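Q: Chains as they are written, first to last, in my numbering: chain W, 4 to 275; chain S, 4 to 275; chain A, 4 to 275; chain B, 4 to 275.
Hints are computed from structural coordinates only; laboratory data are not their basis.
If you're wondering where the values come from, they're calculated on a predicted model, not measured in any experiment.
Below, computed lysine-lysine pairings styled on DSS-like, alpha-carbon distance capped at 25 Å:
(1) W:K101 <-> W:K112
(2) S:K137 <-> S:K112
(3) B:K137 <-> A:K227
(4) W:K101 <-> W:K53
(5) W:K101 <-> A:K223
(6) S:K137 <-> A:K101
Short, incomplete list of chain S residues facing chain W, as computed with Cβ under 7 Å:
(7) F124
(8) H169
(9) T187
(10) A220
(11) F224
We put the beta carbon where it would ideally sit given N, CA and C, even for glycine.
4 protein chains.
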Amino acid sequence: MRLLYLGDIVGRAGRDAVVGALGQARERLRLDFVVANGENAAHGFGITPKLCDELFQAGVDVITLGNHTWDQREIIPHLDAEPRLLRPANYPAGTPGKGVGIFEAPRGKKVMVVQVMGRLFMDPLDCPFAAVEKELRKVRLGPGGADAIIIDIHAEATSEKMALGHVCDGGASLVVGGHSHIPTADAQIFPGGTAYQTDAGMCGDYNSVIGMKKDAAIHKFVRKIPGERLSPADGDGTLCAVFVETDDRTGLAVRVAPLRIGPRLAESWPDC
Amino acid sequence: MRLLYLGDIVGRAGRDAVVGALGQARERLRLDFVVANGENAAHGFGITPKLCDELFQAGVDVITLGNHTWDQREIIPHLDAEPRLLRPANYPAGTPGKGVGIFEAPRGKKVMVVQVMGRLFMDPLDCPFAAVEKELRKVRLGPGGADAIIIDIHAEATSEKMALGHVCDGGASLVVGGHSHIPTADAQIFPGGTAYQTDAGMCGDYNSVIGMKKDAAIHKFVRKIPGERLSPADGDGTLCAVFVETDDRTGLAVRVAPLRIGPRLAESWPDC
Amino acid sequence: MRLLYLGDIVGRAGRDAVVGALGQARERLRLDFVVANGENAAHGFGITPKLCDELFQAGVDVITLGNHTWDQREIIPHLDAEPRLLRPANYPAGTPGKGVGIFEAPRGKKVMVVQVMGRLFMDPLDCPFAAVEKELRKVRLGPGGADAIIIDIHAEATSEKMALGHVCDGGASLVVGGHSHIPTADAQIFPGGTAYQTDAGMCGDYNSVIGMKKDAAIHKFVRKIPGERLSPADGDGTLCAVFVETDDRTGLAVRVAPLRIGPRLAESWPDC
Amino acid sequence: MRLLYLGDIVGRAGRDAVVGALGQARERLRLDFVVANGENAAHGFGITPKLCDELFQAGVDVITLGNHTWDQREIIPHLDAEPRLLRPANYPAGTPGKGVGIFEAPRGKKVMVVQVMGRLFMDPLDCPFAAVEKELRKVRLGPGGADAIIIDIHAEATSEKMALGHVCDGGASLVVGGHSHIPTADAQIFPGGTAYQTDAGMCGDYNSVIGMKKDAAIHKFVRKIPGERLSPADGDGTLCAVFVETDDRTGLAVRVAPLRIGPRLAESWPDC
Ligand SMILES: [Fe+2]
Ligand SMILES: [Fe+2]
Ligand SMILES: [Fe+2]
Ligand SMILES: [Fe+2]
Ligand SMILES: [Fe+2]
Ligand SMILES: [Fe+2]
Ligand SMILES: [Fe+2]
Ligand SMILES: [Fe+2]
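Could you put the whole structure together from the sequences, leaning on the hints where they help?
A: Have a look at this one:
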């Protein structure tokens, strides 16, 4: 299968970058399945049902979220109503929504997507390692299980993402991180056959502070008193994603490569 | 000028990657000046005078450090004795060593190197923004000042690094981050002419958890009780660096590109 | 001199406790000078000029603040306009307001008040230890300097408060902490003659979670998703304060004792 | 029943304070059951089997630990072998030791002790609220269940301790905090009948920084580079504890009061 994971879509710049380029990418890369992180789609803070639809129409199959899941109140009932919308799985029991889904892909294929959130330098949720291992015990990668498994680790620390990558090695097609809003250049296939990239980066304007307008973001670091509210930078956005090709028999990765389309970062297309 | 910044060198795998490839890189990229982060050179924890010499002989001109500066006691007197060795500038007054140096490069050029440490999710040092701005007021980039200025921001959070990058835009040749041990794919030249990359990545074994052996690192996240001490992974290392070419008249960047040489990440050479 | 420090006044319950009891306490304890922390006076979040006046009229001589200084926008110009209003001194240069004041007390006495904020588990401001030491070098305790010096350390960690207490020992009349909203039972005079209490506690309703209504506060810990906004508990408040008596010749403490008046904690009056 | 909880015993000063005074306190207060926190008994870092025995012989019935549980390697097998030794219950499944015990007290009484660790500003363990609620569902306070239930919340933040106190209100005899090493003066009985004190304080030398020698502790805050290792202050120790008397029919508290015996803090004996 040919899968794409789009990093945190930030505001209008990010949405425009995705809507403008995803159709072409789907075609050129012959994609079977697309996951996108939408936690910053609504002016940088959360997502709305309307914006979910915009992304689905642009070619996204599943949307994951993160620590910004709860920013827009109207999304909360949608977390239960919309099967293609996931929040981190390691929230406490009783939290609206779900963190795991199994989805139909073309040619009868099944794709499992799991999102968890890291804890280092973040809110202390339940253990993300235990949450992922529980899902991987329930659904095996390969014949009789899922044709592809994508683990989205929304976390601050590179160490926590990479540790989770290795824990999943051999049991997932792709472990990919989000939340830092900067793409990493470390795409690789781990020894057990799982593709890994520490962070997919954001889809948004990179002439910014991780997608937000510079002045307000700098003010927070330098002045230490409240300033203007953060809002997304509105220059042209860059799409950042991770492409994976799997072996149809095993579900493991045979190729992983970044996709970057946009004005500020070096463009990168996987060979097709 | 043609400058290279090598990210955190982790243990023997990192040192071997640098020693083995830097000569060739210096030549092929016609480098004028090389800065390397050495805070993890000594089995992952700090650096020794002997390892400093090994790096200088391999073609490094200046070594910066970071939060691991103090791990090896024998380096502390060396911080004052060795002019080419820097630690973050924003330690309190009275701290051994210095965080800023102006160095001679070929053809009579002068290069200023400043290292600061971030505070978000790290120890609360003095303000890194104020520390950098103070140095940039003392020494201007361009004629009459420094021919190149490299700012090394050793920090956890992508936002803090990128905010500092913009604060320095137009006043430095390169702002480059370290400490996350994962290279970012966001090399760009900011509007004011300063080259920027959020993290240079590490020089070390990427079949690991940010350079350290997997099992002990995973144990820390999963078990929450002390386990084996972390030690560097010992597979073949990958060199990760950022290359910048500056305009000799202004000191600003005309080109920035990653350099990656090694077995696990996609190899990348700047066009030469 | 006879001095009183009132801990964080939280909402109406806290204000009523102070307004209702301070007159009696001033008289019974023959107080010369009263400092109060007002950072939570305005419905738990910051303070307004009008509430400052209410406290001054109730018998407060100086109001200190803390991390909640900036919650009410209208207080910001007042920070510069009102000499009796202090915020932590270790904000960056250029921050509105001031963190130090020297005030007239009865019988020609002079009282210096300094507030600093801790950094452990808090925002990384400038070093509170350096900030306090700078002030204590400028103004000495005793003849020719200040008749009393009160250091207010607004901090999370008991260790940081106690360390600052010892650093000031012999140079201040009282080092007292705030911010935890719970009074500590460790009032003592350090070997050098400085009185110390780790936290003065709050003036507010103790049938609460540190002054706030229980349900919303518990929700934050248990549910990990946003709930109702925190608001102050509105049962009867308890006044919590620290009383110090100094030696008029040295400014050092001869007696320190808690004052607690209210319905939920054990009442405590210094012997008078 | 008449119960006592002794706060974190720090080093020899703390042990001597407990050994020297507990016999007298047991007698004078006619204590039925004594719990002590021993996580700092071994020179400030953890505890050994030998020191456990010393405390048991001095009149302690159950020892709880905390974040320092693992400091002494030899205690780890003892965590499983010694029924009277507890560590926080909210470590991951598979962790050595246990966090809950039901113990025999005189006159056929049963006492349940549960320890959990907070997460705010601490390591992200499993949810302490969920862990406690699970135990309180298994064993009810009162006839047919336990005659007394003591919940020990080892945590940094006053808010987390107080929130847990209210969650347990009506279901436990006493919720008492530890870890801050400073006694709080907020002993109270909550509306549902549960006694509460935010922190029991330490048993140790209060002429110190939370029990440790001053210079090394101050160095950590001021210098930001490694200094001497922390070691316990060795002046005379003060015993700090919380006394609770319960109603034999309900197990709820009828009285709560601090016990403090020693040279530096105001001595306090519950009325007997
Ligand atoms: Fe995001
Ligand atoms: Fe996020
Ligand atoms: Fe490093
Ligand atoms: Fe580092
Ligand atoms: Fe407060
Ligand atoms: Fe505060
Ligand atoms: Fe402790
Ligand atoms: Fe502790």
